[in-house]
Amino acid sequence: MAADGRAGGTPIRQEDFSTIMTSRFKGTAVLSGGGVAVGVSGGPDSMALCHLLAQWVSGENGLLHAFTVDHGLRPESEKEAWEVAERLSEWPGVTHHILRWDHEGEVVDTRIQEAARTARYDLMRELMRELGVTHLFLAHHRDDQAETVLFRLAHGSGLDGLCGMAARQVFAEDFVLCRPLLGYSKADLIATCEERGLFYHRDPSNEAEAYARARMRGSMEVLAHEGLTPERLSVTAGRLARAKAALDEIAEHTREKAVIENLSGRAVLSLEVLRSVPAEIGLRVLLAVMGELVPPDPYGPRLERVETLFADLMKPEAFRKRTLSKIVFERKDKTQSIILTLEARAGEKV
Numbered sequence: 101m102a103a104d105g106r107a108g109g110t111p112i113r114q115e116d117f118s119t120i121m122t123s124r125f126k127g128t129a130v131l132s133g134g135g136v137a138v139g140v141s142g143g144p145d146s147m148a149l150c151h152l153l154a155q156w157v158s159g160e161n162g163l164l165h166a167f168t169v170d171h172g173l174r175p176e177s178e179k180e181a182w183e184v185a186e187r188l189s190e191w192p193g194v195t196h197h198i199l200r201w202d203h204e205g206e207v208v209d210t211r212i213q214e215a216a217r218t219a220r221y222d223l224m225r226e227l228m229r230e231l232g233v234t235h236l237f238l239a240h241h242r243d244d245q246a247e248t249v250l251f252r253l254a255h256g257s258g259l260d261g262l263c264g265m266a267a268r269q270v271f272a273e274d275f276v277l278c279r280p281l282l283g284y285s286k287a288d289l290i291a292t293c294e295e296r297g298l299f300y301h302r303d304p305s306n307e308a309e310a311y312a313r314a315r316m317r318g319s320m321e322v323l324a325h326e327g328l329t330p331e332r333l334s335v336t337a338g339r340l341a342r343a344k345a346a347l348d349e350i351a352e353h354t355r356e357k358a359v360i361e362n363l364s365g366r367a368v369l370s371l372e373v374l375r376s377v378p379a380e381i382g383l384r385v386l387l388a389v390m391g392e393l394v395p396p397d398p399y400g401p402r403l404e405r406v407e408t409l410f411a412d413l414m415k416p417e418a419f420r421k422r423t424l425s426k427i428v429f430e431r432k433d434k435t436q437s438i439i440l441t442l443e444a445r446a447g448e449k450v
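Position one of the sequence shown corresponds to residue 101 (the numbering used here), numbered consecutively onward.
Incorrect hints may have been included.
[As the list claims (entries may be wrong)] As a list, the in silico DSSO-like pairs of lysine-lysine whose alpha-carbon atoms are at most 30 Å apart: (1) LYS415 to LYS344; (2) LYS126 to LYS179; (3) LYS434 to LYS415; (4) LYS432 to LYS421; (5) LYS344 to LYS426; (6) LYS357 to LYS415; (7) LYS415 to LYS432; (8) LYS434 to LYS421; (9) LYS344 to LYS357; (10) LYS426 to LYS357; (11) LYS357 to LYS432; (12) LYS357 to LYS421.
[What the hints assert, rightly or not] Label pairs and their calculated CB-CB ranges: (13) GLU361 to HIS301: 24 to 34 Å; (14) ALA379 to ARG339: 37 to 47 Å; (15) GLY327 to ARG296: 30 to 40 Å; (16) SER364 to GLU115: 47 to 57 Å; (17) ALA266 to GLU115: 19 to 29 Å; (18) GLU372 to SER319: 45 to 55 Å; (19) LEU173 to SER364: 20 to 30 Å; (20) GLY365 to GLN114: 22 to 32 Å; (21) GLU176 to ARG339: 33 to 43 Å; (22) THR329 to ALA379: 32 to 42 Å; (23) SER319 to ILE198: 26 to 36 Å; (24) GLY159 to GLY297: 26 to 36 Å.
Bear in mind the hints are in silico, worked out from the structure with no lab data behind them.
All C-beta atoms, glycine included, are put in the ideal place defined by N, C-alpha and C.
Whole structure, please, built from the sequences with the hints as guidance.
Here it is as structure tokens:
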């Protein structure tokens, strides 16, 4: 067990965790099919979550698959993965899997953590399909949430980004991310490990100043002295999420009126409808339709570019055809419509 230097945490009670599973994640419904999966790096966060899940799943006669990804970015990563496998083999009802990222030296230093994160999710999702598992549990906690909000604020995120991470995030029917520990601090998870006598180790890259998120983590201590604590950031993120839900509901009703046509690779929107609603609602409709044409890309267009495009589409001045995120945008003033066409189809007759 590695000392972390944090103090003051309160161990998570198993009954409290069971309540979270029932109230936020539909309880045993997530166990249908091949059971549930959990990402386990071997750090205190994921080890605490894995043990809490193992206890809960055992009580429900379910299956728990623990995934450890060996990214091969540190000499000791393979040894650590096998260490985790050895420890978890002692836990009843837990099946452990080691997944290896074969990057063959293709990773560039500038985005090494982002590339590793993408590879990690891809590997886990692929194995989940093989196992018939649809829900992946992750150990993100309240401090992670605060860090995410600050990181996104620094990068100019809009309302949706400042809501932070969702407790339940549906990417597809067969891929749902679950974060049951967002209400707990890092110190709480360390205290949980210590109370339960759980082994854990630390990944030094989490604290390396070379990485933007690690630097943000360090600045949080300064901000906390000014009152901007993880608890307050988490509460703010929750309030913004509530506002987002309201806007999304209004935007969905507007989308039903605005979409004239939405076929494979092509969509037509009513310019009149989009001009009749607040810009935020119209922008959300446009983003939703863009997302239906082109799968979401973590490195897709920045919000500012979409905002500029939307503003230009709404102006009375003539709009010149342009391309953004592999979609060609045209405005037909005669028919009061906006046409979105996938770039590959733009030259076809439709």
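Tested hints:
no., hint, in the structure
1, LYS415 to LYS344, "holds, 26 Å"
2, LYS126 to LYS179, "violated, 36 Å"
3, LYS434 to LYS415, "holds, 15 Å"
4, LYS432 to LYS421, "holds, 10 Å"
5, LYS344 to LYS426, "holds, 27 Å"
6, LYS357 to LYS415, "holds, 20 Å"
7, LYS415 to LYS432, "holds, 13 Å"
8, LYS434 to LYS421, "holds, 15 Å"
9, LYS344 to LYS357, "holds, 20 Å"
10, LYS426 to LYS357, "holds, 25 Å"
11, LYS357 to LYS432, "holds, 18 Å"
12, LYS357 to LYS421, "holds, 24 Å"
13, GLU361 to HIS301: 24 to 34 Å, "violated, 55 Å"
14, ALA379 to ARG339: 37 to 47 Å, "violated, 22 Å"
15, GLY327 to ARG296: 30 to 40 Å, "holds, 33 Å"
16, SER364 to GLU115: 47 to 57 Å, "holds, 50 Å"
17, ALA266 to GLU115: 19 to 29 Å, "holds, 24 Å"
18, GLU372 to SER319: 45 to 55 Å, "holds, 47 Å"
19, LEU173 to SER364: 20 to 30 Å, "violated, 40 Å"
20, GLY365 to GLN114: 22 to 32 Å, "violated, 50 Å"
21, GLU176 to ARG339: 33 to 43 Å, "holds, 42 Å"
22, THR329 to ALA379: 32 to 42 Å, "holds, 33 Å"
23, SER319 to ILE198: 26 to 36 Å, "holds, 34 Å"
24, GLY159 to GLY297: 26 to 36 Å, "violated, 20 Å"
Violation of the numbered hints given earlier is confined to hints 2, 13, 14, 19, 20, 24; the remaining hints are satisfied by the structure.
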